[in-house]
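Q: What follows is each chain in one-letter form.
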Amino acid sequence: MKLAYWMYAGPAHIGTLRVASSFKNVHAIMHAPLGDDYFNVMRSMLERERDFTPVTASIVDRHVLARGSQEKVVDNITRKDKEERPDLIVLTPTCTSSILQEDLQNFVDRASITSNSDVILADVNHYRVNELQAADRTLEQVVRYYLEKARRQGTLDQSITKEPSANIIGIFTLGFHNQHDCRELKRLLQDLNIKVNKVIPEGGSVKDLHDLPKAWFNLVPYREIGLMTAIYLEKNFGMPYISITPMGIVDTAECIRQIEKHVNNLVSNKKFNYEPYIDQQTRFVSQAAWFSRSIDCQNLTGKKAVVFGDATHAASITRILAREMGIRVSCTGTYCKHDAEWFKEQVQGFCDEILITDDHTKVGDMIARIEPSAIFGTQMERHIGKRLDIPCGVISSPVHIQNFPLGYRPFLGYEGTNQIADLVYNSFTLGMEDHLLEIFGGHDTKEVITKSLSTDTDLTWNHESQLELNKIPGFVRGKIKRNTEKFARQNNITNITVEIMYAAKEALSA
Amino acid sequence: MSNKISETLTFECETGNYHTFCPISCVAWLYQKIEDSFFLVVGTKTCGYFLQNALGVMIFAEPRYAMAELEEGDISAQLNDYEELKRLCLQIKKDRNPSVIIWIGTCTTEIIKMDLEGMAPKLENELGIPIVVARANGLDYAFTQGEDTVLAAMAHRCPEQILLIERKKVIQDSNIQNLFSFLSLEKKEETTNKNFEKLKKNPPLVLFGSLPSTVASQLSSELKRQSVQVSGWLPAQRYTDLPSLGDQVYVCGVNPFLSRTATTLMRRRKCKLIGAPFPIGPDGTRAWIEKICSVFGIKTEGLEKREEQIWENLKDYLNLVRGKSVFFMGDNLLEISLARFLIRCGMIVYEIGIPYLDKRYQAAELSFLQNTCKNMSIPMPRIVEKPDNYNQIQRMRELKPDLAITGMAHANPLEARGINTKWSVEFTFAQIHGFTNARDVLELVTRPLRRNNNLENLGWSNLTKKETKNEI
Ligand code: SF4
Numbered sequence: 001m002k003l004a005y006w007m008y009a010g011p012a013h014i015g016t017l018r019v020a021s022s023f024k025n026v027h028a029i030m031h032a033p034l035g036d037d038y039f040n041v042m043r044s045m046l047e048r049e050r051d052f053t054p055v056t057a058s059i060v061d062r063h064v065l066a067r068g069s070q071e072k073v074v075d076n077i078t079r080k081d082k083e084e085r086p087d088l089i090v091l092t093p094t095c096t097s098s099i100l101q102e103d104l105q106n107f108v109d110r111a112s113i114t115s116n117s118d119v120i121l122a123d124v125n126h127y128r129v130n131e132l133q134a135a136d137r138t139l140e141q142v143v144r145y146y147l148e149k150a151r152r153q154g155t156l157d158q159s160i161t162k163e164p165s166a167n168i169i170g171i172f173t174l175g176f177h178n179q180h181d182c183r184e185l186k187r188l189l190q191d192l193n194i195k196v197n198k199v200i201p202e203g204g205s206v207k208d209l210h211d212l213p214k215a216w217f218n219l220v221p222y223r224e225i226g227l228m229t230a231i232y233l234e235k236n237f238g239m240p241y242i243s244i245t246p247m248g249i250v251d252t253a254e255c256i257r258q259i260e261k262h263v264n265n266l267v268s269n270k271k272f273n274y275e276p277y278i279d280q281q282t283r284f285v286s287q288a289a290w291f292s293r294s295i296d297c298q299n300l301t302g303k304k305a306v307v308f309g310d311a312t313h314a315a316s317i318t319r320i321l322a323r324e325m326g327i328r329v330s331c332t333g334t335y336c337k338h339d340a341e342w343f344k345e346q347v348q349g350f351c352d353e354i355l356i357t358d359d360h361t362k363v364g365d366m367i368a369r370i371e372p373s374a375i376f377g378t379q380m381e382r383h384i385g386k387r388l389d390i391p392c393g394v395i396s397s398p399v400h401i402q403n404f405p406l407g408y409r410p411f412l413g414y415e416g417t418n419q420i421a422d423l424v425y426n427s428f429t430l431g432m433e434d435h436l437l438e439i440f441g442g443h444d445t446k447e448v449i450t451k452s453l454s455t456d457t458d459l460t461w462n463h464e465s466q467l468e469l470n471k472i473p474g475f476v477r478g479k480i481k482r483n484t485e486k487f488a489r490q491n492n493i494t495n496i497t498v499e500i501m502y503a504a505k506e507a508l509s510a
Numbered sequence: 511m512s513n514k515i516s517e518t519l520t521f522e523c524e525t526g527n528y529h530t531f532c533p534i535s536c537v538a539w540l541y542q543k544i545e546d547s548f549f550l551v552v553g554t555k556t557c558g559y560f561l562q563n564a565l566g567v568m569i570f571a572e573p574r575y576a577m578a579e580l581e582e583g584d585i586s587a588q589l590n591d592y593e594e595l596k597r598l599c600l601q602i603k604k605d606r607n608p609s610v611i612i613w614i615g616t617c618t619t620e621i622i623k624m625d626l627e628g629m630a631p632k633l634e635n636e637l638g639i640p641i642v643v644a645r646a647n648g649l650d651y652a653f654t655q656g657e658d659t660v661l662a663a664m665a666h667r668c669p670e671q672i673l674l675i676e677r678k679k680v681i682q683d684s685n686i687q688n689l690f691s692f693l694s695l696e697k698k699e700e701t702t703n704k705n706f707e708k709l710k711k712n713p714p715l716v717l718f719g720s721l722p723s724t725v726a727s728q729l730s731s732e733l734k735r736q737s738v739q740v741s742g743w744l745p746a747q748r749y750t751d752l753p754s755l756g757d758q759v760y761v762c763g764v765n766p767f768l769s770r771t772a773t774t775l776m777r778r779r780k781c782k783l784i785g786a787p788f789p790i791g792p793d794g795t796r797a798w799i800e801k802i803c804s805v806f807g808i809k810t811e812g813l814e815k816r817e818e819q820i821w822e823n824l825k826d827y828l829n830l831v832r833g834k835s836v837f838f839m840g841d842n843l844l845e846i847s848l849a850r851f852l853i854r855c856g857m858i859v860y861e862i863g864i865p866y867l868d869k870r871y872q873a874a875e876l877s878f879l880q881n882t883c884k885n886m887s888i889p890m891p892r893i894v895e896k897p898d899n900y901n902q903i904q905r906m907r908e909l910k911p912d913l914a915i916t917g918m919a920h921a922n923p924l925e926a927r928g929i930n931t932k933w934s935v936e937f938t939f940a941q942i943h944g945f946t947n948a949r950d951v952l953e954l955v956t957r958p959l960r961r962n963n964n965l966e967n968l969g970w971s972n973l974t975k976k977e978t979k980n981e982i
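Residue numbers (the numbering used here), protein chains in the order written: chain A, 1 to 510; chain B, 511 to 982.
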């Protein structure tokens, strides 16, 4: 047992649901108690989804506990098959089904006989993997299922496209700025004259998965999800993959050079040379290279920062801060414990310390000890920063609704470098402004001039009413006080009691 | 609308495939209500993830709750549950020193049959802190029923009432009260003196249901106006202030989802239950007060006028809602009371979805609903227990209600299809009880309608691309 207040990565089924609901026309059925479909709320609220989230539950209740699911799961699958006609139904186990040990595979086998949809059981164990690992697995499982199906049916066409093309693997729902990143990657590939063959899972159709091998290579922008799929495709179809995250100027260039290498391996007549493109973009399209030469960035030299997040974002941001902006990263860390080795290797030489933990109190203590000028982390670090009065730029999940901006905010590619430069600069200047204001006598707006009507002399609040007033949340207390006093004056009352307060509320809200 | 009005309520039961919050969410408001408590949810990452996201920013304010997260070793019984819980509770005691620790049992503790009830008394002795066990899991309950399980467990911890002392205290209290009101509001002198006479006669009355303290004192003072003295609340502001219970004590619920608590109070603590409609809306509040007074043989004074006054104050909102139709998808058990209030406001209710309906505990509310429908000449809504969200959405497609009261999972998709929605959870967190807060209920209900008045004529109410036949 572990005393836990907060977690960075969610339970396994969330990962499966994120992948399943990112595909078009795929329905997930959770084998779960009532109340575990909270995923639908998150998707609907955070992504502001217009469509109903294609996730339902086959509810585990007392009856199921006593007698097993029996026909229930099968019925729910066949019912969904009729109602929504999905291409694929993914039966999703939860922590509850992990310990019930029902033969879910058997239900899946039976249901797939009667339904038109394909049906699979997500191969994830609640106690072994977290949200990110589960997502990675589920994506691989779905891809494998359809490629093997195509192979069995003899419909698998293994020839590659005439022009260079790529699959983008790992863009999905509730991912940190994923939609914007995807658009930016497509633009980048287009600039390089490379066609986008497929993007999965977001917006992809499982019916098209058999076309995946047509691409010349796979691009896996995030470390956490997509790698398993890419490795499967490499093993079985000889497809090369690129897993360098194109975040920051240096790594974006590196990613492009890798692309060049793979593409040139396959073309025979002409060779691609992307160097002029990289140069042009770096010097003139992205403002980040210029920014790091400018006076603004000079002022940031040697300032201390702390970075924490998922492996991809924490590693990339660390390298950008240290290598591209001359900021001193005192500590960097990730909660992706399962990927600790890779992470350490990536940030080696770019930071003073490395912290691998999923315990937010350890992160908090570390920040308090280091006292950096700015933090780059998740929502949790933002709140730690608030408490310690240190500005924080959010660079990784887990996130809140404000991290699903409507405006275009990629982290990847050349536009991403601009966004990151803004984010970093704003975090630091905010902190410095605050600091300067403090030195020169504080914010002049701190003393809010009260628009109180009362002179505070002619009215008395008795003890009870004062207690009552103090119970009212601070931000409305002033208003309630003013309104009550106004009401009291109008009614020639000098002694304010609790009753008067309520009477005032009723009278004034009318 | 047809003129034919059905006379009786009809109840249906669907598949139970609906969206609601897990009952462990009660931790969110109960830890705030009971100031010296600590809630320990014994469950998995799934439970923790839900709480973390549902509680939103509260989570960053060092809440008095935590997860005892079960790991593989706990499930396979390689680890000793008792020792593990002891270790965690010791740490909680050290860090927070609460007056009570409440263990929330979850689906997992049910399935692996972890004997929380058996371990609690032992550990309680060892630690010297009361440990209350509530099984608020998603296998058995929905959303607000979580509070019901916690309060039912707490009812066992209330001290036994000793009538003589209690009575003396009531008299003393009323003396003090009297003194205060005399000082504060001179006009009241006469009535309070009269009240004083009556107060002596009012047997102990304990109200149950967790309300924000302002709302609780509003209700208490409403009753005081009718010279009914409230002797305690379950739960009180602090665990150490739990009210005394016994066979002379009358109890009355303030929320519709407290049927287990009511049963426990009656059967185990031998209290007398006053079955009344719930004090939601001015109509409900008046009926609630009237019922309590009638049990005590007190004639209410000025109540009718007071209700009228409140309705008068609501006029602007009533103009907005009159004639509009509502569809309750159902997820928090407040639905019957809210529907009854909205019908009285002149709205038409098509369907009342509700997770679970205790017809005995809600009897007074149900017949009040029936009467309200008759008085307003509005057809009886269908009441659907354990609704099926998919079917409901099909029905909404036919009915095209002006407003759907629904969970957050469906709100945005419905809005995109041109159906106004109000999130149902807001009703559980807003102040909706008593005369004073009637306006707040309508504030919530009319918000989407008012928003629409602002956005009218822009021509983009339907924002979905293509409509498949299965969707609205
Ligand atoms: S439904 Fe069960 S497993 Fe899910 S959050 Fe609630 S108690 Fe935990």
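It is possible that part of the hints are untrue.
Facing chain A, a subset of chain B residues (Cβ under 7 Å, in silico) [said to hold, decoys possible]:
| no. | residue |
| --- | --- |
| 1 | T556 |
| 2 | K596 |
| 3 | L598 |
| 4 | W821 |
| 5 | A874 |
| 6 | A919 |
| 7 | N922 |
| 8 | N972 |
| 9 | T974 |
Simulated from the structure, these hints should not be mistaken for laboratory data.
In this text, a Cβ means the ideal position worked out from N, Cα and C, and glycines have one as well.
Q: Each hint should be assessed against the structure and marked as holding or not.
A: Hints versus structure:
1. Checking T556(B) against chain A by beta carbon gives a least distance of about 5 Å; that is within 7 Å, so the hint holds.
2. Taking 7 Å as the C-beta cut-off, the interface hint given for K596(B) is violated, the closest approach to chain A being about 10 Å.
3. A least Cβ separation of about 5 Å between L598(B) and chain A falls short of the 7 Å threshold, and the interface hint therefore holds.
4. Checking W821(B) against chain A by beta carbon gives a least distance of about 11 Å; that is not within 7 Å, so the hint is violated.
5. Because the smallest distance between the Cβ of A874(B) and any Cβ of chain A comes to about 25 Å, over 7 Å, the interface hint for this residue is violated.
6. With a least beta-carbon distance of about 4 Å to chain A, the hint placing A919(B) at the interface is held under the 7 Å criterion.
7. With 7 Å as the threshold, the beta carbon of N922(B) comes within range of chain A, its nearest partner Cβ sitting at about 5 Å, so the hint holds.
8. Here the hint on N972(B) is broken, as its CB sits about 10 Å from the closest CB of chain A, past 7 Å.
9. Annotation: T974(B) was flagged as interfacial toward chain A, and the flag holds, the nearest CB pair being 6 Å apart, inside 7 Å.
Checked against the numbered hints above, the structure violates hints 2, 4, 5, 8; every other hint is satisfied.
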